[in-house]
Amino acid sequence: MGKTSSRERRHEKNRQSILDAAQRIIVEQGPAELSMRSLAQRIDYSPSGLYEYFDSKEQILQAVCSTGHRQLTQAMRQVDERLSARDYLFEIGKVYIDFAAANPRLFPLMFAATPAEPPDAGMLSEDSSYRVLLEAIQRGIDDGVFITSEGFGLPEMAFAAWAMVHGISMLRMTMPASAPTFAAYRDEALLVVSRGLMTG
3 MGKTSSRERR
13 HEKNRQSILD
23 AAQRIIVEQG
33 PAELSMRSLA
43 QRIDYSPSGL
53 YEYFDSKEQI
63 LQAVCSTGHR
73 QLTQAMRQVD
83 ERLSARDYLF
93 EIGKVYIDFA
103 AANPRLFPLM
113 FAATPAEPPD
123 AGMLSEDSSY
133 RVLLEAIQRG
143 IDDGVFITSE
153 GFGLPEMAFA
163 AWAMVHGISM
173 LRMTMPASAP
183 TFAAYRDEAL
193 LVVSRGLMTG
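Each position in the sequence shown, counted from 1, maps to that position plus 2 in my numbering.
Where hints are given, some of them may not hold.
Here are the in silico distance ranges between beta carbons for each label pair [said to hold, decoys possible]:
hint, residue 1, residue 2, range
1, M166, R72, 17 to 25 angstroms
2, I149, P49, 51 to 59 angstroms
3, L173, D144, 26 to 34 angstroms
4, H13, S151, 15 to 23 angstroms
5, E35, G146, 45 to 53 angstroms
6, R12, F161, 24 to 32 angstroms
7, Y187, P49, 44 to 52 angstroms
8, R141, Q18, 28 to 36 angstroms
9, G155, S86, 20 to 28 angstroms
10, S127, A165, 15 to 23 angstroms
Okay, derived cross-link-like pairs now, EDC-like style, lysine to aspartate or glutamate, Cα gap no bigger than 20 angstroms in a straight line [unchecked claim]:
hint, residue 1, residue 2
11, K15, E35
12, K96, E190
13, K96, D129
14, K96, D82
15, K96, E137
16, K59, D22
17, K59, E30
18, K59, E14
19, K96, E83
20, K15, E54
21, K59, E83
22, K15, D46
23, K96, D189
24, K15, D57
Note that these hints are calculated values from the structure, not bench results. Backbone N, C-alpha and C fix where the C-beta goes; we use that ideal spot for every residue, glycine too.
Please put together the full structure from these sequences, using the hints given.
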């Protein structure tokens with residue numbers, strides 16, 4: 003494989019700078035405030051020059067969402083895998099909910115195009131937070147901690163757990179006044195999720 007040229011490195015660096023600036027605008031002001039003009043002003047670039055890197059604002063939004071998914075997955079993968087299957091599931095759930103709370107403008111955008119059907123494990127990339135969830139539940143099944151039953155196997159268990167945790171995440175963003183007591187509710191809900199998987 004040949005070495006990356008200085009021009010290619012510069013192009014990639016500029017592209018990443020554009021994405022970083024776009025994510026900051028979304029986090030600070032919301033996606034509605036992102037435009038090619040506002041983005042160009044943020045990085046002292048010409049609006050027309052942005053098209054050398056991205057075809058449209060929509061393509062930038064898609065790339066920002068992909069970056070958000072990678073950041074979420076990386077955060078979940080920081081959880082200590084030496085924990086028990088139950089505790090590991092509990093902790094990655096906390097990371098997911100806390101990521102949403104810390105990114106109230108980016109998080110809904112990331113899931114604006116969430117498919118109606120649960121994704122197939124074989125089609126998920128390493129950057130998928132749902133893959134982390136599937137792996138966690140599969141580990142619990144293999145360890146005999148999470149109990150499957152007819153019609154309630156790995157896909158159903160993962161979707162049920164994700165629906166609960168994602169719902170809590172979205173609820174947290176609509177109830178900012180409850181922040182001081184929300185952590186307790188979050189932890190109790192996550193315990194309910196793990197108990198449900200343990201009973202099959």
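Structure-based check of each hint:
1. As the Cβ distance of M166 to R72 is approximately 23 angstroms, the hint placing it in 17 to 25 angstroms holds.
2. I149 and P49 have their C-beta atoms about 57 angstroms apart, which keeps the hinted 51 to 59 angstroms range intact.
3. Between L173 and D144, the C-beta spacing of about 32 angstroms keeps the proposed range 26 to 34 angstroms intact.
4. The given range of 15 to 23 angstroms is broken by H13 and S151, whose C-beta atoms sit roughly 53 angstroms from each other.
5. Range check, E35 to G146: about 51 angstroms between beta-carbon atoms, so the 45 to 53 angstroms window is met.
6. For the pair R12 and F161, the beta carbons lie near 44 angstroms from each other, so the given range of 24 to 32 angstroms is not met.
7. A hinted range of 44 to 52 angstroms holds for the C-beta pair Y187 and P49, which are about 45 angstroms apart.
8. In this structure the supplied range 28 to 36 angstroms holds for R141 paired with Q18, their Cβ-Cβ distance being about 34 angstroms.
9. One distance hint, 20 to 28 angstroms for the beta-carbon pair G155 and S86, holds here, with the actual separation near 21 angstroms.
10. Distance hint check for S127 and A165: the Cβ-Cβ separation is about 21 angstroms, which falls inside the suggested range of 15 to 23 angstroms.
11. For the given pair, K15 sits about 24 angstroms from E35 by alpha-carbon distance, which is inconsistent with the 20 angstroms threshold.
12. This hinted pair checks out: K96 and E190 have alpha carbons roughly 11 angstroms apart, not beyond 20 angstroms.
13. A distance of roughly 18 angstroms separates the Cα atoms of K96 and D129; the hinted pair therefore holds under the 20 angstroms criterion.
14. Between the alpha carbons of K96 and D82 the distance comes to roughly 13 angstroms, so the proposed pair stays at or under 20 angstroms and holds.
15. Distance check on the hinted pair: K96 and E137 sit about 16 angstroms apart at the alpha-carbon level, within 20 angstroms; holds.
16. Of the supplied pair hints, the one linking K59 and D22 holds, its CA atoms being roughly 14 angstroms apart against a limit of 20 angstroms.
17. A hinted pair counts as satisfied when its Cα atoms are at most 20 angstroms apart, and K59 with E30 qualifies at roughly 17 angstroms.
18. The straight-line distance between the Cα atoms of K59 and E14 is roughly 18 angstroms, inside the 20 angstroms bound, and the hint therefore holds.
19. Only pairs whose Cα atoms come within 20 angstroms are accepted, and K96 paired with E83 is accepted, the gap being roughly 15 angstroms.
20. Taken as a hint, the K15 and E54 pair is honoured in the structure, with Cα atoms around 13 angstroms apart against an allowance of 20 angstroms.
21. Our distance criterion of 20 angstroms between C-alpha atoms is broken by K59 and E83, whose separation comes to about 38 angstroms.
22. Distance check on the hinted pair: K15 and D46 sit about 15 angstroms apart at the alpha-carbon level, within 20 angstroms; holds.
23. With a C-alpha separation of about 8 angstroms, the suggested pairing of K96 with D189 holds against the 20 angstroms cut-off.
24. Taking the CA atoms of K15 and D57, the gap is about 17 angstroms. The hint holds against a cut of 20 angstroms.
Going through the hint list in order, the structure does not satisfy hints 4, 6, 11, 21.
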